[in-house]
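> Here is what each chain is made of, one letter per residue.
There are 2 protein chains.
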Amino acid sequence: MEQLTVERWGMLELSLPGKTAGNPFTDYEIRGRFTGEKEDVAVPGFYDGDGVWKVRFMPSFTGEYRYTVSGSFADAETSGVFTVTVPSEGNHGPVRVKHRYHFAYADGTPFYPLGTTCYVWTQQPDERIEETLRSLKAARFNKIRFCIPPKHYDYNLGEPRTYPFEGTPMDSSVLTKENFGNYDGKSKGNHFDFTRPNPKHFQHLEKCILALQAIGVEADLIVMHPYDRWGFSCMSRAADDLYWNYVIARLAAFRNVWWSLANEYDLMKAKSADDWEHFGNLLVLKDPYRHLRSIHNCFAFYDHTRPWITHCSIQRQELYRGAELTHEWRKQFAKPVVLDEIAYEGNIQHGWGNITGEELLRRFWEGAVRGGYPGHGETFLNKDEILWWSHGGQLHGESWKRIGFLLDVLQAVPGHGLRYLPAEWDSVCAVPEDRKTAAETGYRLYYYSFMRPSFREFYFDDDTPWRAEVLDTWNMTVTDAGVHRGRFRVDLPGRPYMAVRITKA
Amino acid sequence: MEQLTVERWGMLELSLPGKTAGNPFTDYEIRGRFTGEKEDVAVPGFYDGDGVWKVRFMPSFTGEYRYTVSGSFADAETSGVFTVTVPSEGNHGPVRVKHRYHFAYADGTPFYPLGTTCYVWTQQPDERIEETLRSLKAARFNKIRFCIPPKHYDYNLGEPRTYPFEGTPMDSSVLTKENFGNYDGKSKGNHFDFTRPNPKHFQHLEKCILALQAIGVEADLIVMHPYDRWGFSCMSRAADDLYWNYVIARLAAFRNVWWSLANEYDLMKAKSADDWEHFGNLLVLKDPYRHLRSIHNCFAFYDHTRPWITHCSIQRQELYRGAELTHEWRKQFAKPVVLDEIAYEGNIQHGWGNITGEELLRRFWEGAVRGGYPGHGETFLNKDEILWWSHGGQLHGESWKRIGFLLDVLQAVPGHGLRYLPAEWDSVCAVPEDRKTAAETGYRLYYYSFMRPSFREFYFDDDTPWRAEVLDTWNMTVTDAGVHRGRFRVDLPGRPYMAVRITKA
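Protein sequence lines, in the order shown, are assigned to chains A and B.
Residue 505, in the numbering used here, is where the first sequence stops; the numbers in between run on with no holes.
Residue 1505, in the numbering used here, is where the second sequence stops; the numbers in between run on with no holes.
Next comes chain A alone, as it looks inside the complex (with noise of 0.2 Å):
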């Protein structure tokens, strides 16, 4: 008998058969139990259609387990063995937040996160899944925020490949991009189960998901949206219950997995406050592994400070400054600051998703060089309507291009992560966030964001060797400035978006 091992932080699963009369998502119920030294975890499992039920598992150690599977249609438990391995390459656990502020996976190698969006990337044909993969990669984002349930929308008006429940969806043929907006999740001709979930809505999903964590992505899963004409929206408390019990059950034992609770909580009028401690409280309780938990404003912002959030998932608020907050709100809410919508590169007609690549990079860095974590996205109008913000496919834009030598240079950072420190009026200086790396290496990162200086002046101390280097973030060069004592100046190009990097000789 060949034995059963799966990597730490790996996914086992384990199926049975089962009764398939009635309402098989309701009637019955499927538990599993894993043991090893070190853990003893009790996860419910779910009905993956077709008669088969499943429990999945994702061990935090390695060596030997016991499990115990158990089904309500059952009358016998199954049980067995199997052995945790280290993990493959790659293969770094889930991630966690680390130094308050920042964070790493469970292996404790440093998570700098710089994302993108593509709310339904999922739901499109295979051939633009695949795109969109590509991209990622070749962007080197390393987190992706999407959505779980289907998308209703300017630009989202067609139907998704699947639906999260059985059912039947109205005939959307009668929607004009004029008025799209008159539909709700109320809207007469909609016809689903809430009580049954489609399990090739999450198989499909999960698929996409493996995909992720195959190119080191993590997947901000969006549990919850407004953009809906189909109901998901404005279920039952039992229906929601139903829906976040089956997503968890299905989809924690994911080690790239974060939870968004949702993307504009605001927006959802059918959901009120209690409802969204609900559904915080219910993840702590139902999710063994703690995967990240946060939850996205579109007006204000919920109370990050809520023992459940465990990082602040930041629209901005204001037209004019985003990112240049990030440590006003690091400072009120004393979590992560991500930072997932600071508006798009594109050219739609909307605020939101209209900037320059030059102005998102620039918003990049603010709140980078501020100790968060920016978020990116792309709206053009190309005459397919195929937009990365929703559907992914293809990058149209710059700032893509530029997100890989930001990553370089967090990751090239003393210790863990950036802090801002008030120093100069007309510079954002970055230094590293442990107090002690920082005296130790002196490290100083000065982003001159719009300005331009054609030279800048340091003064530290008259004995210490500093290196300087000049960063262009936009043509993503690092140029030498030379090793300087005392009162030393750096010349710039005299062009915007550049940086000084100062680092102990």
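Derived by calculation from the structure, the hints in this document are not laboratory data.
Any given hint could be a false lead.
Each computed BS3-like pair below joins lysine-lysine, with the alpha-carbon atoms no more than 30 Å apart [as the list claims (entries may be wrong)]: (1) A:K177 with B:K1504; (2) B:K1038 with B:K1019; (3) B:K1177 with B:K1383; (4) A:K54 with A:K38; (5) B:K1436 with B:K1383; (6) B:K1177 with A:K504.
Just so it is clear, the structure is predicted and the values come from calculations on it, not from any experiment.
Position chain B relative to chain A; hints supplied.
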């Protein structure tokens, strides 16, 4: 005998010989009284050196006038009559506040101040002064801010042509770029007599004011400032009063004079709020022509609601926002908002002097569409270290070429001036200041700033025919986008800095 005439808002200057023994600036005085049908104005005169006393008068009405001039050095009064004729072309009188937030000349002609700053252009060699005047005209600037005292600052270490007082300055050959900040108004080696103004300094200044008048440019005179190594910024109250009285007696009769009490008043550590109130009140009492009065900040705004302040002279307080707050400042102070410093186009090391032409022009439009009046400046670091911001000379940037286009747009607004209409979050909508005009004309000006929509949609009503025009504020083009009814779409080029102007067809 030839009849004495002067045009309305012109300047009548009467001279008397007098005594020169002792200190003619303090030992004697001269007074004039000018009486017409509609006004009766008594003004102090001043000693102009070489034994000559002068009295100046700007008549506000046409018709027959009498004058009387008497000096404490002479036994008899001099008196006579003169005729005030209609103003010549281009003479619209002094600028006043109109419609609370805007400006008009005394003859009612609207005045839309779009100015620049050249702090000490009058202190430069004659050829550069001529060059400055040509540059002002080419750019269609209609206001310029500059200082009465000379300036000591980065890029301003040289000696001026003249000093406002008799005396000799410290040895400036000891100054270096690195240590210029260590010198202040109390530096040793200065020997100025603060009881003896230097008529030559003012005679030259007046030539420059008249040269501005000839090309339709208002002279926004900075009477005090902190950029000093000679002691002019930290005189006694008595010396300040002598200076202020001398300045008013000499300059108030020039119709194009505005009073800026100080530049960066809050950096003048030797002066207190009491001093500024005193100087403000002194101006109200002593300037019979009620020229515009303002005071300009570095950090905190002066309380622009003070009754002697006619308009806000604003230096922006934040790195990222400035002109974007114009409508809030209008509300806060209920006075015109003149944005006298929103950073300069250039490439020097200081953050206030190294933004792009695009960014400065954007700030111009952000301010203008909110019903404010932005100001220009240039700080390009050339080999000759002649920077427009201080020295005048040639303009090197890109924004100045585009100020005239904005002026044309403002002059074409129905009624007089714009106000901000809160409409859409992702554009700035401006309507005519007057509510009746706004309703009558249907005029709307939408500005898209750094955003670059490839189209925008509009709906006002079902029946009115609306003309749409696309304004490219950078390329200075106005493109007809047709006449529309009901819901309509205006295509845009997907570039930043565009505006759409809507009018009743």
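> Give a verdict on every hint.
Tested hints:
1. Our distance criterion of 30 Å between C-alpha atoms is met by K177 of chain A and K1504 of chain B, whose separation comes to about 27 Å.
2. Distance hint between K1038 of chain B and K1019 of chain B is unfulfilled; the C-alpha atoms sit about 34 Å from each other, more than 30 Å.
3. With a C-alpha separation of about 15 Å, the suggested pairing of K1177 of chain B with K1383 of chain B holds against the 30 Å cut-off.
4. Taking the CA atoms of K54 of chain A and K38 of chain A, the gap is near 24 Å; set against the 30 Å cutoff, the hint holds.
5. Distance check on the hinted pair: K1436 of chain B and K1383 of chain B sit about 54 Å apart at the alpha-carbon level, beyond 30 Å; violated.
6. Under the criterion of a C-alpha separation no larger than 30 Å, the hint pairing K1177 of chain B with K504 of chain A is consistent with the structure, at around 27 Å.
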